[in-house]
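Novice: Which chain is which? The protein sequence lines are X and G, in order.
Under the numbering used here, the first residue of the first sequence is numbered 1, with each subsequent residue one higher.
Under the numbering used here, the first residue of the second sequence is numbered 1, with each subsequent residue one higher.
Source of the hints: derived by calculation from the structure; they are not laboratory data.
Check before you lean on any hint, since a few could be wrong.
What the hints assert, rightly or not - Cβ-Cβ distance ranges computed for the label pairs, FRET-style: (1) G/Pro20 to X/Ala108: 25 to 31 angstroms; (2) G/Arg128 to X/Pro266: 33 to 39 angstroms; (3) G/Arg128 to X/His46: 42 to 48 angstroms; (4) X/Pro392 to G/Arg69: 33 to 39 angstroms; (5) X/Pro192 to G/Leu37: 29 to 35 angstroms; (6) X/Ala108 to G/Arg69: 38 to 44 angstroms.
Unchecked claim - The following residues of chain G were derived to be distant from chain X, with all beta-carbon distances above 12 angstroms: (7) Ile28; (8) Thr55; (9) Pro65; (10) Leu71; (11) Ala75; (12) Asp81; (13) Gly87; (14) Arg113.
A virtual CB, placed ideally from N, CA and C, is assigned to each residue, including glycine.
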Amino acid sequence: MRLAFVLPRFAPGVLGGAEYHARQLAGRLIGRGHDVTVLTTCAIDHYTWKNALAPGPDVVDGIPVRRYPVTVIRDRSLVARLQTAIDAGFTIPAAHQEEWVRNTGHSAPLLDAIADTADRVDALVFSPYLFASTVLGARVRPDRSLIQPLLHDEAYARFACVQAALRGAAGLLWISSGEREVAERLIPGLPPGRLVGAGIDLPAAPVDPKVERHRLGLEGTVVSYAGRREGAKNFPLVAEAVTAANLGWGRQVTLAAMGAGPAVLPPQARPFVRDLGRVDDAVKLGVFAGSTAVVNLSVVESFSYVVMEAWSVGTPVIVHADCEVTRRHCRESGGGLWVRDVEEAVEAMLLLGGHPSLRARLGAAGRRHVKRQMSWEATLDRFESAVAELLPPRGLARA
Amino acid sequence: MSEQALPRTDGAPPAGDTEPPPPDVEAIVGELQTEVLRKRAAGAYPADLLERLHTEFHPDEGLEPPEVRVLVESARPLRSDRPVVGGTIVFGKRVVRRLLAWYVAPIAQDQTRFNLAILRELRALEERVARLEERRPPEPEKGTRPRAHR
């Protein structure tokens, strides 16, 4: 197959679940002999959308890339005003929704490149759903466009222009059944889609749960968190539950918090939180393996690599009942529990901490789920089938 | 779009192999929720501590009534942290503020009028909901404490 991935940013050092997923997928498809190119902007920073990289061809991790300059300079004042209204829960007018999207790295040359490329590939694959490269890009040749939305329940998923882009695409590629469920609830009249999932590499060798516990001096019930330590990801609720377990229940529970930036918390929480900062993958998996549970109480997830990584080392998870995606992961695998508030979170932590056999059974179920359904080989098989079914190959000659 | 879960395409156990069934997490979560409801109804949880922690960990939630912020003040306090040129900077700011007052002050007044109008409507709606709730028959006590954690 010949494929063009269209992404808002694609460069070494660009962090984020969507970018990580696209890089893994594109690289592994090339490994299977497919002809893959990434069309993207010259931007790295998704706040400023400044053209930080040179336009033209490039190669990132062995993946051919063509960059195009962002041509709409971000109107900070306008975006700040719109963002205030969006964050306050207001529905902004459709014209302003379109303006908001145009301020997320819109590149006119990128749209021209999409038009030029559409007839030379089997599919244009856009991701994630809310940026100009997808919303405006998928309009160029909707008949050749597949969107991998990576969507969750948030204001942008209700924008008229975003919904029109999703409805107009030739097909949709879902990363989780929970994502599809949310999208179908929010957006009627979606085109056909296929559940593709995502891949997780199981550790090559078993991860010793004692190593990081011993090195970090972690004792008793330890729950771990990895990701952005901010309100949007419900990190304060995790820390609140751990503090409550210690101060209100009189039980020793430690939170091992990993992620970029400082974990800003009330003073009461500090004795119970080990801020490990940014750690490499080996340390993260070691801490996960040594934890009673990995806690992710975010309600805005389209997949959650953290949940899969926890299961890859046999550790159960505690997720939020209001997150359809992670709750569904737990229900399908049997690898985790879901909670609604502090009291339930504390009880779940203490339940797993006090019942090692239950913890082991949940962790093993999660690991089996990852092994069976989240391998890259299975994911690539599903991706190839989905593209072939949604956009039958056109027998294009290789360039 | 008929499939409900990812098809087993890799790593599935061969036919005949047995493996333990996954834990019934629905049942475990159900028991956990029931236990929390029971303890909450029995007053087994430290309610004061939980309320205090909730305020500390979620400072943006429900601190002040909107009336506190309804009046928009166009004239901000003037200050500068610069040690030497601070006085000159404050004087400059004062001049700019005075020059722009004719433009900024009406905007602030318009916003205040809008805030007041919205707040009046909101309070009227609140009273109407309260009246409607009074007319409804009481629901059985469930022992739950509504609190949004998002």
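Novice: Work down the list of hints and note, for each, if the structure agrees.
Specialist: Here is what the structure says about each hint:
no. : hint                                     : in the structure
1   : G/Pro20 to X/Ala108: 25 to 31 angstroms  : 57 angstroms, violated
2   : G/Arg128 to X/Pro266: 33 to 39 angstroms : 38 angstroms, holds
3   : G/Arg128 to X/His46: 42 to 48 angstroms  : 43 angstroms, holds
4   : X/Pro392 to G/Arg69: 33 to 39 angstroms  : 58 angstroms, violated
5   : X/Pro192 to G/Leu37: 29 to 35 angstroms  : 43 angstroms, violated
6   : X/Ala108 to G/Arg69: 38 to 44 angstroms  : 41 angstroms, holds
7   : Ile28                                    : 6 angstroms, violated
8   : Thr55                                    : 9 angstroms, violated
9   : Pro65                                    : 16 angstroms, holds
10  : Leu71                                    : 18 angstroms, holds
11  : Ala75                                    : 21 angstroms, holds
12  : Asp81                                    : 23 angstroms, holds
13  : Gly87                                    : 30 angstroms, holds
14  : Arg113                                   : 19 angstroms, holds
Violated hints for the displayed structure, listed by number in ascending order: 1, 4, 5, 7, 8.
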